[in-house]
Amino acid sequence: MRELRIHGRGGQGSVTAAELIAVAAFEGGVYAQAFPAFGVERRGAPVQAFVRFNDHTIRLRSQVYEPDYIIVQDSTLIRDVNVFLGVKPGGIVIVNSGKKVDASVPAGVKLITIDATSIALEVLGLPITNTTLMGAFAAASGEIKFSALENALRHRFPGELAEKNIRAAKKAYEIVKGDA
Amino acid sequence: MLEITEGSHAVAKAVKMSRPQVIAAYPITPQTHIVETLADMVADCELDAEYITVESEFSALSACLGASAAGSRTYSATTSQGLALMFEVCFNVSGMRLPVVMTIANRALGAPLSIWNDQQDSISLRDCGWLQFYAEDNQEATDLHYIAYKVAENPEVLLPAFVCFDGFILSHTYEPVDMLTQEDVDRFLPPYKPVQKLDADDPISMGMYATPDYYLEFRYEHDQAMKRAKNAISKAGKEFGEMFGRDYSALVEGYRVEDAETAIIAIGSLCGTVKDAIDEMRTAGKKVGLLKIRCFRPFPADEIRDALSHVKRVAVLDKNISVGAKGAVAIEVRDALYGKTMPVLGYVLGLGGRDVRISDIKNIVSLAESGKGDQFYGLRTEVL
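If you read the sequences in order, they're chains F and E. Take 1 as the starting number for the first sequence in the numbering used here and just add one per residue. Take 1001 as the starting number for the second sequence in the numbering used here and just add one per residue.
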């Protein structure tokens, strides 16, 4: 079983990202489970969301403490929350940042930084980075196919909004693929 | 068909396919997604039901009471403070023998305010005369709604039912669920035929005054109906299994408990985590098993006694506390095992959304093995 932990702030769409990643994984024949851990239900408050991927039914209901993958939607969280806590050796951490991340990840963990905010602003016109980071996750982890992510986005969002989000995700997907 | 969806949406779909005629509910976290989805379904003409918007949970269940008395299949959903506000109406619905089905997205009760999961809400209403089912996962959460209607409306039973599933832990979780089709559900659950109903052309009184000459007998009949529900559940659960492959005939369900030395008893979503913990402990050579209580009312005392007569000790996990006594499940399990010699040890845990991990289950088994129990588990040290 592989596990993903997403760190974000209320309003950034971390829970939606977890749900859509699970939907995309399920399309690929994986048994997936996605769930949120709210702090206080308001914009700006730290939020976590989790996804598990497995080849059979998932019974475990606890939160994710030793993730294989971490997505950090807002690099300012790094100051307040130990976002890298428990990450497994060989794990992948994706941080949304336009600058070099001022924190060290544990040894053996791959750190990917991507300026998802700039991509989202350019493509969506809004600094909402969840779908952009989903593209980066698809490329970095291989857990979900990009075509499945497209289907999940089209199922969730109407018309042009879905297409815009797909373009943002695709941009991040190609940047991360290109770096690999 | 297997689809991946949020627990609340899966429950709303199951409710829709159960063809309720009247829905009355008041939104409250973490139940909200269920009733929002149902309201959409009614507004979009996907569900031919009367959706009554109300100003409180008290009114929601009162509206269901009236609609059910008039012969409709009715539905509501709530949690926590909302259920607490329904307390009075809950007793009226069950005392009038009205088969209302209500989903409880289990949540802690204030104060202090908490939106997170435990089972204090429905467990606190254990004496209100409703059937109580608890789901381990979202598959069970959906299937138990069909079973609940079938049992509640059985003329041998005629009692309302709570279908409980853990708030957030299940209600907000996306996972694969095998959804039945409308045709499937119609085959299993025919339209509700009330034994008697309020009818202007053939008037009767319901919920009337009972003098001391008769009140005791009403309560006896209520209790007898609850006892008859055991057979009705087994029958409906078996029929469901024959039709769709998932058998819910047992009120309790064992997992690796047949040769266990330590039996864990749990309710709801905790059972999944316990099963994973048991597999790890078994690999390490410990003979541990689980007895899951799927139906808490009627209480399966005989079934627990039969399933656990061989074990050396029983560890009961309670996501509730009867303050000043113990966790409610531990109290009742100990009663079920009266006369047996094995220790029955209770652990109150996971209150107000405190996460429960595999390591916690292992620690509890170690505590039970050393005879330590009847305690809170996982407290911060500063309160000790």
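If you're looking for bench data, these hints aren't it; they were derived computationally from the structure. Backbone N, C-alpha and C fix where the C-beta goes; we use that ideal spot for every residue, glycine too. Hints may be right or wrong, so weigh each one.
Claimed, not checked - For each label pair, taking beta carbons as the anchor points, the in silico distance ranges come out as:
#1 F:G29 with E:D1201: 55 to 63 Å
#2 E:H1222 with F:G11: 32 to 40 Å
#3 F:G98 with E:C1045: 32 to 40 Å
#4 E:D1247 with F:G98: 34 to 42 Å
#5 E:C1045 with F:L161: 24 to 32 Å
#6 F:R42 with E:E1046: 53 to 61 Å
Results of checking the hints against the structure:
At about 58 Å, the CB distance of F:G29 to E:D1201 agrees with the hint of 55 to 63 Å. For the hinted restraint 32 to 40 Å between E:H1222 and F:G11, the CB-CB distance of approximately 49 Å leaves it violated. Between F:G98 and E:C1045 the beta carbon distance is about 49 Å. The supplied range of 32 to 40 Å is therefore violated. Between E:D1247 and F:G98 the beta carbons are some 56 Å apart, a value that contradicts the proposed interval 34 to 42 Å.
The hinted range of 24 to 32 Å is satisfied by E:C1045 and F:L161, whose Cβ atoms lie roughly 25 Å apart. Look at F:R42 against E:E1046: about 33 Å separates their beta carbons, and that is not inside 53 to 61 Å.
Of the numbered hints stated above, those contradicted by the structure are hints 2, 3, 4, 6, listed in ascending order.
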